[in-house]
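A.B. asks: Sequence:
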Amino acid sequence: MKGAERINSLSDLSLGSDCQIVSLELSGLLRRRILDLGIVPGTLIRCIRRGPSGDPTAYMVRGTLIALRSEDAAQIFVRKLSNGEECV
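The UniProt record's numbering numbers the first residue of the sequence shown as 1 and each following residue consecutively.
The set of hints was computed from the structure by calculation and includes no laboratory data. A hint or two may mislead.
What the hints assert, rightly or not - The calculated DMTMM-like cross-link candidates involving lysine to aspartate or glutamate, where the alpha carbons are at most 20 angstroms apart (straight line), are:
{"#": "1", "residue 1": "Lys80", "residue 2": "Asp18"}
{"#": "2", "residue 1": "Lys80", "residue 2": "Glu25"}
{"#": "3", "residue 1": "Lys80", "residue 2": "Asp12"}
As the list claims (entries may be wrong) - Label-pair ranges, simulated between beta-carbon atoms:
{"#": "4", "residue 1": "Gly28", "residue 2": "Ser82", "range": "27 to 37 angstroms"}
{"#": "5", "residue 1": "Glu71", "residue 2": "Val22", "range": "25 to 35 angstroms"}
{"#": "6", "residue 1": "Asp55", "residue 2": "Lys80", "range": "19 to 29 angstroms"}
No residue lacks a Cβ here, since even glycine has one placed at the ideal position from N, Cα and C.
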């Protein structure tokens, strides 16, 4: 389907991939902390690396490296950027 956006959770993003935040399904204090870190709808994020056991994962957000546990990242929904788009 041309033009259709595929929405995934941030935890599904592969290493080196770029995405844009679509929505946050977090609540309470964790939601407030995530928003304070600048992870809001429209923000561009790059998946940088995973911990030795696969958790947590490091993401580049607005020039800052942020580590998130997979259970938290699973509640953040993103659209993967196409080949022509790039996260800077």
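A.B. asks: Are the hints correct? Go through all of them and say.
C.D. replies: A quick look at each hint next to the structure:
1. Lys80 with Asp18: Since the Cα atoms of lysine 80 and aspartate 18 sit roughly 6 angstroms apart, the hinted pair holds (cutoff 20 angstroms).
2. Lys80 with Glu25: Since the Cα atoms of lysine 80 and glutamate 25 sit roughly 18 angstroms apart, the hinted pair holds (cutoff 20 angstroms).
3. Lys80 with Asp12: Given pair lysine 80, aspartate 12 holds - Cα atoms ~10 angstroms apart, limit 20 angstroms.
4. Gly28 with Ser82: 27 to 37 angstroms: Cβ of glycine 28 to Cβ of serine 82: about 34 angstroms, so the range 27 to 37 angstroms holds.
5. Glu71 with Val22: 25 to 35 angstroms: violated, 19 angstroms
6. Asp55 with Lys80: 19 to 29 angstroms: holds, 21 angstroms
Against the hints set out earlier in the document, a violation occurs for number 5 only.
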